Amino acid sequence: MAKKLLLKNDHVHGIQSYEIYRQHNGYCSVEKALKSMTADAVVEEVKKSGLRGRGGAGFPTGMKWSFLAKPNGVPRYLVCNADESEPGTFKDRYLMERIPHLLIEGMITASYALGANTSYIYIRGEYFYVARILERAIAEAYANGWLGKNILGTGYDLDLYVQVGAGAYICGEETALLESLEGKRGNPRIKPPFPAVAGLYGCPTVVNNVETIAAVVPIVNDGGDAYAQIGIGKSTGTKLISASGHINKPGVYEIELGLPVEEFIYSENYCGGIRNNKKLKAVVAGGSSVPILPENLILKTANGDPRLMSYESLADGGFATGTMLGSGGFIVMDEDTSIVKNLYTFSRFYHHESCGQCSPCREGTGWMEKILHKILDGHGTLKDIDLLWDIQSKIEGKTICPLGEAAAWPVAAAIRHFRSEFEDYVKNPNAIKDVKHYYRLNNLQTA
Amino acid sequence: MNTEVKFSEESLQLVQNMIKRYPAGKQKSALIPILHVAQAEFDGWLSPQTMEYVASLLNILPVEVYEVASFYSMFNLKPVGKCVLEVCRTSSCWLTGAEDIVRHIEKKLNIKNGQTTSDGMFTLKTVECLGSCGTAPMLQCGAKYHENLTLEKIDQLLDQLQLEGNRKSYTDQII
Ligand SMILES: Cc1cc2nc3c(=O)[nH]c(=O)nc-3n(C[C@H](O)[C@H](O)[C@H](O)COP(=O)(O)O)c2cc1C
Ligand code: SF4
Ligand code: FES
Numbered sequence: 001m002a003k004k005l006l007l008k009n010d011h012v013h014g015i016q017s018y019e020i021y022r023q024h025n026g027y028c029s030v031e032k033a034l035k036s037m038t039a040d041a042v043v044e045e046v047k048k049s050g051l052r053g054r055g056g057a058g059f060p061t062g063m064k065w066s067f068l069a070k071p072n073g074v075p076r077y078l079v080c081n082a083d084e085s086e087p088g089t090f091k092d093r094y095l096m097e098r099i100p101h102l103l104i105e106g107m108i109t110a111s112y113a114l115g116a117n118t119s120y121i122y123i124r125g126e127y128f129y130v131a132r133i134l135e136r137a138i139a140e141a142y143a144n145g146w147l148g149k150n151i152l153g154t155g156y157d158l159d160l161y162v163q164v165g166a167g168a169y170i171c172g173e174e175t176a177l178l179e180s181l182e183g184k185r186g187n188p189r190i191k192p193p194f195p196a197v198a199g200l201y202g203c204p205t206v207v208n209n210v211e212t213i214a215a216v217v218p219i220v221n222d223g224g225d226a227y228a229q230i231g232i233g234k235s236t237g238t239k240l241i242s243a244s245g246h247i248n249k250p251g252v253y254e255i256e257l258g259l260p261v262e263e264f265i266y267s268e269n270y271c272g273g274i275r276n277n278k279k280l281k282a283v284v285a286g287g288s289s290v291p292i293l294p295e296n297l298i299l300k301t302a303n304g305d306p307r308l309m310s311y312e313s314l315a316d317g318g319f320a321t322g323t324m325l326g327s328g329g330f331i332v333m334d335e336d337t338s339i340v341k342n343l344y345t346f347s348r349f350y351h352h353e354s355c356g357q358c359s360p361c362r363e364g365t366g367w368m369e370k371i372l373h374k375i376l377d378g379h380g381t382l383k384d385i386d387l388l389w390d391i392q393s394k395i396e397g398k399t400i401c402p403l404g405e406a407a408a409w410p411v412a413a414a415i416r417h418f419r420s421e422f423e424d425y426v427k428n429p430n431a432i433k434d435v436k437h438y439y440r441l442n443n444l445q446t447a
Numbered sequence: 001m002n003t004e005v006k007f008s009e010e011s012l013q014l015v016q017n018m019i020k021r022y023p024a025g026k027q028k029s030a031l032i033p034i035l036h037v038a039q040a041e042f043d044g045w046l047s048p049q050t051m052e053y054v055a056s057l058l059n060i061l062p063v064e065v066y067e068v069a070s071f072y073s074m075f076n077l078k079p080v081g082k083c084v085l086e087v088c089r090t091s092s093c094w095l096t097g098a099e100d101i102v103r104h105i106e107k108k109l110n111i112k113n114g115q116t117t118s119d120g121m122f123t124l125k126t127v128e129c130l131g132s133c134g135t136a137p138m139l140q141c142g143a144k145y146h147e148n149l150t151l152e153k154i155d156q157l158l159d160q161l162q163l164e165g166n167r168k169s170y171t172d173q174i175i
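Line by line, the protein sequences are chains A and B.
Note that the first sequence covers residues 1 to 447 in the working numbering.
Note that the second sequence covers residues 1 to 175 in the working numbering.
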């Protein structure tokens, strides 16, 4: 059976409550870290574990922590990124809702390692009810002496707060998140300076994803080496995957990194195959921003090796034939899916979410959405497909934050792998009517 | 109708506690949380008067409140119905039938996306991914997520909301 570190107790009755969580070894990492380890020793274990950021970029967490500036007399902050708005991603919500104390425990241990005395969990506004669950867990942690002054008599003080956002994908970008936490519009900042030097209120700050912080708990409990034994190569540990789309068993699965993609899609332990006995057409493997891959390339790399759920294997072949693990938002599409229409929902999303600071992103996302709309409406031309390609190619590397390229990559990949489908749309507008008709007939009746 | 905008004692207490969470001089951080409280208390939207009031509580300019309120999609700058039906229309929801959900609600309530029913009960609004893709299609109304929707479930939900008849806010206690 697969190794579970974060979700091993998610089905225990009452695990949301402090008492039951504590009975299942809850808060042991805090005890161990505060009573028997120096802050640097905790950072060292995280480095050894090989843990990589689970928010999307996969940056080594231990290294990020060691970059944190420590000027005397200046507060340092840990901010948890619970903005989770990348389409296809819902793992953080599941974790916070099911096992809120795991995140709180991770926040305390990680704050200790970084020397932060005030930490925030920034959660997307739509998850308001989840924020309440976290607040209740935090109140329990205060009541039992895990937060507040002089925790466990060690002299370490920590206050932890939940901050709700108000609907803006861009606030998941770490510097936009910090702006939002300061009570401003979520406009990303120009880097450098990086948050490790000048973050929240201009002070050194670490921003980490919910799942990253939760993973600190088993790393401290069992040691970084034990964590590094799990997984494959530089993809150590386990990863939460949000599986959705045309599969029999959508949901959040904790996998050991290195699991074959084919097993993930077809095994009864995971997605359980494509629903209604249809065939697999394509997968977006790591949230809306990563390149879509057709069936043959998601199951096997261009060299014919089995594709694995790991940072390296999913990226094998670069963008020509590969993709990225990203946030682990795994969207599966069956043989009847219109790739063009799916792409349109992504492009509309990015246009809606662009903060508007950079022209290539602000104008490019709107332009791409419009062209896709035109193609879907049966008024597209072959030139429009080239124009789409041209626009997407002029965004990457020319913007303040990566939202610009996140909007460009899905367009590039859809044209790269499914160009003929775009051509069908422009050459044969009547086919579009069938597509629309198809969705009207099939949707919901099967639900 | 009461034109003076002022929080209830209870909300004022809540807001004052929120302001205390941040280091000295950084009280503006409380702006977004306070706007949520304000929207819930003052009929589900942020009028210019409400924004001026919030500005006065934080000792900032009204325009600082407006520029924030207008950035975030959860803040309504125009009046809305008591129940705002926010239907997700992004990929996973679209793949599993979000378009039919929207069409069904439009037909049933006789409004278009973005409009409010004449009795002021419902507003229909399409939104982007709400982090519920595994239980798609879905919609949010107030604090609550309604997941794995079918047309029958929508019918039941609308009937139930109509019967309850009260305003639904993000800040509602639902569990
Ligand atoms: C447009 C955009 C949206 C993002 N959204 C999220 C998000 O919702 N959650 C998240 O953890 N990281 C998100 N990120 C990544 C963060 O900027 C940051 O890298 C991450 O929180 C770092 O944490 P990690 O190292 O633990 O992954 C986003 C980045 C961009 C550019
Ligand atoms: S790339 Fe887009 S979202 Fe990012 S800062 Fe520029 S305009 Fe804003
Ligand atoms: S796509 Fe609808 S909730 Fe994610």
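Don't take every hint at face value.
27 Å max Cα-Cα, derived DSS-like pairs, lysine-lysine [unchecked claim]:
1. Lys112/B - Lys144/B
2. Lys20/B - Lys184/A
3. Lys8/A - Lys184/A
4. Lys26/B - Lys184/A
These are calculated hints, taken from the structure and not from any lab test.
Here the structure is a predicted model, which means the values were calculated and not measured.
Problem - Given hint Lys184/A paired with Lys20/B - CA-CA distance at most 27 Å - result: Satisfied, since the Cα-Cα distance of roughly 18 Å is no more than 27 Å.
Practice task
Mind checking the alpha carbons of Lys26/B and Lys184/A for me, to see if they're no more than 27 Å apart?
Solution key: Holds: Lys26/B and Lys184/A sit about 11 Å apart, inside 27 Å.
Practice task
Quickly compare the C-alpha distance for Lys112/B and Lys144/B to 27 Å and report which way the hint goes.
Solution key: Distance of about 22 Å is within 27 Å: holds.
Exercise for the section: Quickly compare the C-alpha distance for Lys8/A and Lys184/A to 27 Å and report which way the hint goes. Expected result: Distance ~39 Å between Lys8/A and Lys184/A Cα, so the pair is violated.
When each numbered hint is compared with the structure, a violation occurs for hint 3 only.
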